[in-house]
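I would like the entire structure built from these sequences, with the hints used as guidance.
Same order as they appear, the protein sequences are chains G and P. Residue 85 in my numbering sits at position 85 of the first sequence, with consecutive numbering throughout. Residue 112 in my numbering sits at position 112 of the second sequence, with consecutive numbering throughout.
Among the hints, a few may not be true.
If chains are identical, the list can't say which one is meant, so a pair holds when it fits in one copy or spans any two.
To be verified - When the alpha-carbon atoms are kept at most 27 Å apart in a straight line, the in silico DSS-like pairs for lysine-lysine are as follows:
no.: 1; residue 1: K257; residue 2: K62
no.: 2; residue 1: K62; residue 2: K155
no.: 3; residue 1: K59; residue 2: K155
no.: 4; residue 1: K94; residue 2: K59
no.: 5; residue 1: K179; residue 2: K250
no.: 6; residue 1: K189; residue 2: K258
no.: 7; residue 1: K250; residue 2: K155
no.: 8; residue 1: K59; residue 2: K45
no.: 9; residue 1: K94; residue 2: K185
no.: 10; residue 1: K62; residue 2: K94
no.: 11; residue 1: K62; residue 2: K258
no.: 12; residue 1: K231; residue 2: K247
no.: 13; residue 1: K236; residue 2: K59
no.: 14; residue 1: K62; residue 2: K45
Hints were generated in silico from the structure; no laboratory data involved.
Chain by chain, the residues:
There are 2 protein chains.
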Amino acid sequence: MAKSNSNKTGKIQSVDRALTILEVIADSDDGLTLAQIAERMELPKSTVHGLISTLRDHKYVKQAEEDGRYLLGIHLFELGTRLARSWDIRDAAKPAMRWLSKEFGETVHLGCEENGEVLYLDKIAADSLVTIVSDIGARLPMHCSGIGKALLAHKSDAEIRRHIANLGLAPLTGRTITKADELMKELEKVREQGFALDDGEIMEGLRCVGAPIFDADGIVRYAISVSGQVKDLYGKRLERLIIETQKAAKEITYALKKGRVQSK
Amino acid sequence: MAKSNSNKTGKIQSVDRALTILEVIADSDDGLTLAQIAERMELPKSTVHGLISTLRDHKYVKQAEEDGRYLLGIHLFELGTRLARSWDIRDAAKPAMRWLSKEFGETVHLGCEENGEVLYLDKIAADSLVTIVSDIGARLPMHCSGIGKALLAHKSDAEIRRHIANLGLAPLTGRTITKADELMKELEKVREQGFALDDGEIMEGLRCVGAPIFDADGIVRYAISVSGQVKDLYGKRLERLIIETQKAAKEITYALKKGRVQSK
DNA sequence: AAAATAATTCGATATTATCGATTGATTGTT
DNA sequence: AACAATCAATCGATAATATCGAATTATTTT
Numbered sequence: 001m002a003k004s005n006s007n008k009t010g011k012i013q014s015v016d017r018a019l020t021i022l023e024v025i026a027d028s029d030d031g032l033t034l035a036q037i038a039e040r041m042e043l044p045k046s047t048v049h050g051l052i053s054t055l056r057d058h059k060y061v062k063q064a065e066e067d068g069r070y071l072l073g074i075h076l077f078e079l080g081t082r083l084a085r086s087w088d089i090r091d092a093a094k095p096a097m098r099w100l101s102k103e104f105g106e107t108v109h110l111g112c113e114e115n116g117e118v119l120y121l122d123k124i125a126a127d128s129l130v131t132i133v134s135d136i137g138a139r140l141p142m143h144c145s146g147i148g149k150a151l152l153a154h155k156s157d158a159e160i161r162r163h164i165a166n167l168g169l170a171p172l173t174g175r176t177i178t179k180a181d182e183l184m185k186e187l188e189k190v191r192e193q194g195f196a197l198d199d200g201e202i203m204e205g206l207r208c209v210g211a212p213i214f215d216a217d218g219i220v221r222y223a224i225s226v227s228g229q230v231k232d233l234y235g236k237r238l239e240r241l242i243i244e245t246q247k248a249a250k251e252i253t254y255a256l257k258k259g260r261v262q263s264k
Numbered sequence: 001m002a003k004s005n006s007n008k009t010g011k012i013q014s015v016d017r018a019l020t021i022l023e024v025i026a027d028s029d030d031g032l033t034l035a036q037i038a039e040r041m042e043l044p045k046s047t048v049h050g051l052i053s054t055l056r057d058h059k060y061v062k063q064a065e066e067d068g069r070y071l072l073g074i075h076l077f078e079l080g081t082r083l084a085r086s087w088d089i090r091d092a093a094k095p096a097m098r099w100l101s102k103e104f105g106e107t108v109h110l111g112c113e114e115n116g117e118v119l120y121l122d123k124i125a126a127d128s129l130v131t132i133v134s135d136i137g138a139r140l141p142m143h144c145s146g147i148g149k150a151l152l153a154h155k156s157d158a159e160i161r162r163h164i165a166n167l168g169l170a171p172l173t174g175r176t177i178t179k180a181d182e183l184m185k186e187l188e189k190v191r192e193q194g195f196a197l198d199d200g201e202i203m204e205g206l207r208c209v210g211a212p213i214f215d216a217d218g219i220v221r222y223a224i225s226v227s228g229q230v231k232d233l234y235g236k237r238l239e240r241l242i243i244e245t246q247k248a249a250k251e252i253t254y255a256l257k258k259g260r261v262q263s264k
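Here it is in structure tokens:
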């Protein structure tokens, strides 16, 4: 499965290939040998070798000492964290997220949309032994998560329809909304209520409350969510969680306006 | 200040240049224009443009909407976090770090050596409003930090001497150890004690206790540290912190042995 | 010890990156 | 409002450079 080298603009072939190598390695569980990478990219080994040596010299790739297989390199960690540090939204959101997590003892996420999916930008993990939910930097579908629905709900109907047409509505559990019209209705509700509820739509037994964060222009750019097990989130406690999650999102919206805006 | 293109191995020029562009952008505070990048790399703008467009297509770089200046792209965040997730050490260390942070209400770091410097791999921040200390992914010198001294102390004398010769002993505060012999003595003490104390050597008023973590082969690969203000860390409380930090490091060493070892 | 599979090096070839000049778009100035 | 200046983006001729298959070296397996 080689990435197509669809050259829209004047791309530099070797750079394009080198970056694709990184993606191929990232998609593997535990690194790949040179031969495996060459096979997947449908390129001669020597070509891949030249590219990957250059990546290694810059620490974008490292070789396992045992065998010589290639893994992602430490420099990606450094650049990724440096980028994350530049986002004002994280600082703006941190205090409210901390408070929420501590108050309810649950896991709090901060996310944004990235290419039609939810991307987790930050996370305050609950102390509980099992943290079922996803990690920073992970992606998940928009139509079945608290953050995703909160983000999606504030788009125009046309945009939502387009999103559905492009990405589809994959069922992750039996509760996932898979019909377009049903999702439209649900999102209208989300918009009116001011919060989104994911009730086992992404994973059975997992409940999740999401609320939107507006940037200085009044556009929804981010959302937070609080996730926990259904057995812990119901009735009065759930009601209070909903209220507090919305409050927190509003606080973050405010904090974001105050600081200079350095968008993601 | 262009990076020299010292071609040791058969490097691919365009890839080498593209990666250097990322470094140049990362070194800037708030992104750079094409012209600025071209100037720093001593390359024609059109050359840089081709390379950087390719980086942009892969989301390793993004362009600010306002002006067209170039910033690091979201994909670096995704790759960096994916890499971080693959490190067993983080999972192994997390519980003990959490406990330490909660017990003392201070900030706990996990770090390793990377190219003669301490690289922070993880952090549990104290709830306190001001978090003075560094962030995940940041680097700092080895000779004046708790983690750094713990790591350095368990190398051979020859290696330590070489480290000093290569990197020097820059004084960050008036308390920083800047004489080689003095540092050798200090590290011997660290080795004997089993912990390292940074007493305002990196920043006035900041105290920090570090302890080494051994991998399955008995080599020191990581270290943790607890940092706080001098006014909070002294006397009985400091004594107890030292004991608990060492305990935590031992626990992590043990946890690391149990799991399969996926080194950084 | 031999066979097999890995990464790495080599050198001829023409594909492809490079570079200066030009264009187009945007911002700031008089 | 027109001009000047500055920026990114485009173009096309040129030769420098990435590419590729074959050969080599290193490591592991039988």
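Comparing the hints with the structure gives:
no., hint, in the structure
1, K257 / K62, "between (41 Å within a copy, 23 Å between copies)"
2, K62 / K155, "between (42 Å within a copy, 23 Å between copies)"
3, K59 / K155, "between (40 Å within a copy, 23 Å between copies)"
4, K94 / K59, "between (31 Å within a copy, 26 Å between copies)"
5, K179 / K250, "neither (31 Å within a copy, 53 Å between copies)"
6, K189 / K258, "neither (30 Å within a copy, 49 Å between copies)"
7, K250 / K155, "within (18 Å within a copy, 51 Å between copies)"
8, K59 / K45, "both (20 Å within a copy, 26 Å between copies)"
9, K94 / K185, "neither (32 Å within a copy, 42 Å between copies)"
10, K62 / K94, "between (33 Å within a copy, 25 Å between copies)"
11, K62 / K258, "between (42 Å within a copy, 24 Å between copies)"
12, K231 / K247, "within (23 Å within a copy, 36 Å between copies)"
13, K236 / K59, "neither (52 Å within a copy, 44 Å between copies)"
14, K62 / K45, "within (17 Å within a copy, 31 Å between copies)"
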